[in-house]
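J.: Residue-level listing of the chains:
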Amino acid sequence: MKKRNNPLRLTLSYVLLIIIAVVSIYPVLWIFLSSLRPGAALFSERLWPEAFTLSHYGELFNNPSFMYGRWYLNTLKIAFFTMIFSTLMVTLGMYALSRFRFRGRQTILSTMLILGMFPSFMSMIAIYIILLQIKLLDTHAALILVYSSGAVLGGFIVKGFFDTIPRSLDEAARIDGASHLRVFTSIILPLSKPMLTYVALTSFTGAWMDFIFARLVLRTKENWTLAVGMWDLVNRYQDSNFTMFAAGAVLIAIPITLLFVFLQRFLVQGLTTGASKG
Amino acid sequence: MKQQHVPVSAPANREKQHRMTAAILSIILQGLGQLYNRQWIKGICLLLLEGAGLAYLLPRLSQAVWGIWTLGENTQRFVKVNGSTVLQRGDHSIFLLLEGIIVLLVFFVFIVVYILNIRDAYLTGLAREEGKKTLGAAASLRNMMDKNFPYLFLSIPALGVLFFTIMPILFTITLAFTNYSAPDHIPPAKLVDWVGFKTFSDLIQLKSWSHTFYGVLTWTVIWAVLATVTTYFGGVLVALLIEQRGIRFKKLWRTIFILPYAIPQIISLLLMRNLFNGQFGPINTYMRAFGLEGLPWLTDPFWAKVTVIVVNMWIGIPVSMVLILGVLTAIPRDLYEAAEVDGASAFQKFRIITMPFILFATTPVLIMQFAGNFNNFNVIFLLTNGNPLRGDYQYAGATDLLVTWLYKLTLDNNKYNMASAVGIIIFIIIASFSIWNFRRSKSFKEEDMIQ
Chain A
1 MKKRNNPLRL
11 TLSYVLLIII
21 AVVSIYPVLW
31 IFLSSLRPGA
41 ALFSERLWPE
51 AFTLSHYGEL
61 FNNPSFMYGR
71 WYLNTLKIAF
81 FTMIFSTLMV
91 TLGMYALSRF
101 RFRGRQTILS
111 TMLILGMFPS
121 FMSMIAIYII
131 LLQIKLLDTH
141 AALILVYSSG
151 AVLGGFIVKG
161 FFDTIPRSLD
171 EAARIDGASH
181 LRVFTSIILP
191 LSKPMLTYVA
201 LTSFTGAWMD
211 FIFARLVLRT
221 KENWTLAVGM
231 WDLVNRYQDS
241 NFTMFAAGAV
251 LIAIPITLLF
261 VFLQRFLVQG
271 LTTGASKG
Chain B
1001 MKQQHVPVSA
1011 PANREKQHRM
1021 TAAILSIILQ
1031 GLGQLYNRQW
1041 IKGICLLLLE
1051 GAGLAYLLPR
1061 LSQAVWGIWT
1071 LGENTQRFVK
1081 VNGSTVLQRG
1091 DHSIFLLLEG
1101 IIVLLVFFVF
1111 IVVYILNIRD
1121 AYLTGLAREE
1131 GKKTLGAAAS
1141 LRNMMDKNFP
1151 YLFLSIPALG
1161 VLFFTIMPIL
1171 FTITLAFTNY
1181 SAPDHIPPAK
1191 LVDWVGFKTF
1201 SDLIQLKSWS
1211 HTFYGVLTWT
1221 VIWAVLATVT
1231 TYFGGVLVAL
1241 LIEQRGIRFK
1251 KLWRTIFILP
1261 YAIPQIISLL
1271 LMRNLFNGQF
1281 GPINTYMRAF
1291 GLEGLPWLTD
1301 PFWAKVTVIV
1311 VNMWIGIPVS
1321 MVLILGVLTA
1331 IPRDLYEAAE
1341 VDGASAFQKF
1351 RIITMPFILF
1361 ATTPVLIMQF
1371 AGNFNNFNVI
1381 FLLTNGNPLR
1391 GDYQYAGATD
1401 LLVTWLYKLT
1411 LDNNKYNMAS
1421 AVGIIIFIII
1431 ASFSIWNFRR
1441 SKSFKEEDMI
1451 Q
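Residue numbers (the working numbering), protein chains in the order written: chain A, 1 to 278; chain B, 1001 to 1451.
Hints in this document: simulated from the structure, not taken from any laboratory. Please note: incorrect hints may appear among the correct ones.
[Said to hold, decoys possible] Each computed DSS-like pair below joins lysine-lysine, with the alpha-carbon atoms no more than 27 Å apart:
#1 B:Lys-1080 <-> B:Lys-1190
#2 B:Lys-1250 <-> A:Lys-135
#3 B:Lys-1251 <-> A:Lys-193
#4 A:Lys-221 <-> B:Lys-1408
#5 B:Lys-1250 <-> A:Lys-193
#6 B:Lys-1190 <-> A:Lys-135
[Claimed, not checked] Here are a few chain A residues that face chain B, going by a calculated C-beta distance under 10 Å:
#7 Leu-17
#8 Ser-24
#9 Ile-25
#10 Ser-65
[Stated by the list, open to error] Some but not every residue of chain B turned toward chain A, in silico, with C-beta under 7 Å:
#11 Gly-1246
#12 Phe-1257
#13 Leu-1270
#14 Ile-1430
Ideal Cβ positions, reconstructed from N, Cα and C, are used throughout, including at glycine.
Start from the sequences and build out the full structure, keeping to the hints where you can.
T.: Here you go:
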């Protein structure tokens, strides 16, 4: 009975899906093709270029006023260390908050929630002055330090995940004489692989893409990250160097995109467990 | 996990009042009580800690209080020394304020340790009176590893949060009550003074400020609601489309649709800025090819608002889609089977089972997204930079949110006090809304029932 209206509905669904797919892909395709187009202008008559060239990619690394390679390495370094430290801090902290009932726990949870709601610039001037005082301004260590210590506030999803791991598991291990640390490393950690992936990935991409804070802290061009550099490129040379911007964008987006597509299973798990369990 | 000794009313004829002696000794000097209790290592550690604390605090504390109270008394000026003019450094109000806050925070930690020290001496003394053996250093450490494990695990993140989140916020809040702003009160050339609530009353009462404030606030609320609703229901729609029975290549669709989410925002937003370029952008080029005029996407106040919402959908729908795909897999199959037995139509099943389930599972996320959109700096700043400019606004454009306005006030115009006031107001709005909702949402109430 219901089968009858299915063909129409399915066709309609496919049409919709195809439209959404085109909208999703078009900008991506456009920037990719632009990066291969000869010339430098933003304007082009057609989507598909008449000729292809890789020269813009070469130019990125050879043009002395851009230092693209340098920025790439800077960004990789910052994102990598931020990922390590944030994941460590978030898992340790949230494990404690999820598993133990101790005095001040509720206060800590509420404080975290409230602190997470302050607009991040509220603290920018102060952090700037602090970094100036401890002579960390214009260093990558400053970014890593600030990103990692801020990551804890976003840890509710992790706590939600730990909450779903049955207590009986660690209680049994405790009875067998395992220490808290051992319970954590040999029971909780292996079980939370999807969550760890999620945290690591989001903190990596967070540091990889951050623009506001990086722009404030990194004062010299050699120390810039990709985000700051690319923003500068668009703001200053938009029309004259568009194809180069496109090439730079492709090189930034491809690794991150592959990572996401590859890890989307973990992402789904991470987001949903965090969502339904608060 | 309770570790306190239950205070037993000690018999009056007890010979030694260890607890009082120990506590008083600890009040006199931190660690003395522990030494009296024969906890040598702990006592020495506490003594050293007090020494270090005093060495840090004593020379600074009065200076800190003076600095916070006065915000400096001398401006920098030129003085004649041996016939030549030299620039003499004055007080830098802002450094004084920040250093003052740091010293007070250290002082606060110091006091907390001091109180804990007295409490510890008292409790150990009590244990001795009751004839219990006091713990040695090794045993104390083991006890700490076991009983105080969560504190140990939390201490490092807490330190980071204290210095890079709480302290900066305290500092910024205080700025709202000063007149720290260009052009008249920028150190080191000029001093900054406390002005109480004047900044807030200016913001609300002064025509030039209040007009901008209410205008930007209204747009921020409209934006946050529209951005959240469009991406959320867009995500629901896409997820349902993919998960329909009979749709093939589910994995392929999912991978394609996740693409906008995967591309770094800084790239996709700068890219969109080019796509919607009124002169050369491909969107207008295509429209002209179809004989249409083309639209002033980023330069007209109305269309710029439309553009940011559309672009935000492109970026945000995939996130909701991923989320809702996950929720959909969690809906129990038998609910649908039961509904089918009762002869429910596809739409009825959606309305009665699917949607309530999705809403229930994602309410907390929805609230977080609303709060996130309220402060969505990236989309506005990278796409339009708040433009097109509005002549009747104070340093703001038509698409500026409160948060990007705050950025402009701070970094471009040095109106620090006004920016802090705006920041505090943003915080009050977001925080009260989120807390109210969070408390209502089930996941908070039932936190402990999940185990």
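J.: Now tell me if each hint is right for this structure.
T.: Evaluated hints:
Straight-line distance between C-alpha atoms of Lys-1080 of chain B and Lys-1190 of chain B comes to about 20 Å, which keeps the hinted pair within the 27 Å bound. A distance of roughly 53 Å separates the Cα atoms of Lys-1250 of chain B and Lys-135 of chain A; the hinted pair therefore is violated under the 27 Å criterion. At roughly 22 Å between alpha-carbon atoms, Lys-1251 of chain B and Lys-193 of chain A fall within 27 Å of each other, so this suggested pair holds. Pair hint Lys-221 of chain A plus Lys-1408 of chain B holds up; C-alpha atoms about 22 Å apart against a cutoff of 27 Å.
About 25 Å separates the Cα atoms of Lys-1250 of chain B and Lys-193 of chain A, which keeps this hinted pair within 27 Å; it holds. As the CA atoms of Lys-1190 of chain B and Lys-135 of chain A are separated by approximately 24 Å, the hinted pair is consistent with the 27 Å bound. Interface restraint check for Leu-17 of chain A: the shortest CB-CB distance to chain B comes to about 6 Å, inside 10 Å, so the restraint holds. With its C-beta approaching chain B no nearer than about 5 Å, Ser-24 of chain A sits inside the 10 Å limit, and its interface hint holds.
Here the hint on Ile-25 of chain A is kept, as its CB sits about 6 Å from the closest CB of chain B, short of 10 Å. The interface hint given for Ser-65 of chain A is broken, as the beta carbon of that residue sits about 18 Å from the closest beta carbon of chain B, more than 10 Å. With 7 Å as the threshold, the beta carbon of Gly-1246 of chain B comes within range of chain A, its nearest partner Cβ sitting at about 5 Å, so the hint holds. The beta carbon of Phe-1257 of chain B is positioned within 7 Å of a beta carbon in chain A (closest approach about 6 Å), and the interface hint is therefore held.
With its C-beta approaching chain A no nearer than about 5 Å, Leu-1270 of chain B sits inside the 7 Å limit, and its interface hint holds. For Ile-1430 of chain B, the interface hint holds, the least distance from its beta-carbon to any beta-carbon of chain A being 5 Å, beneath 7 Å.
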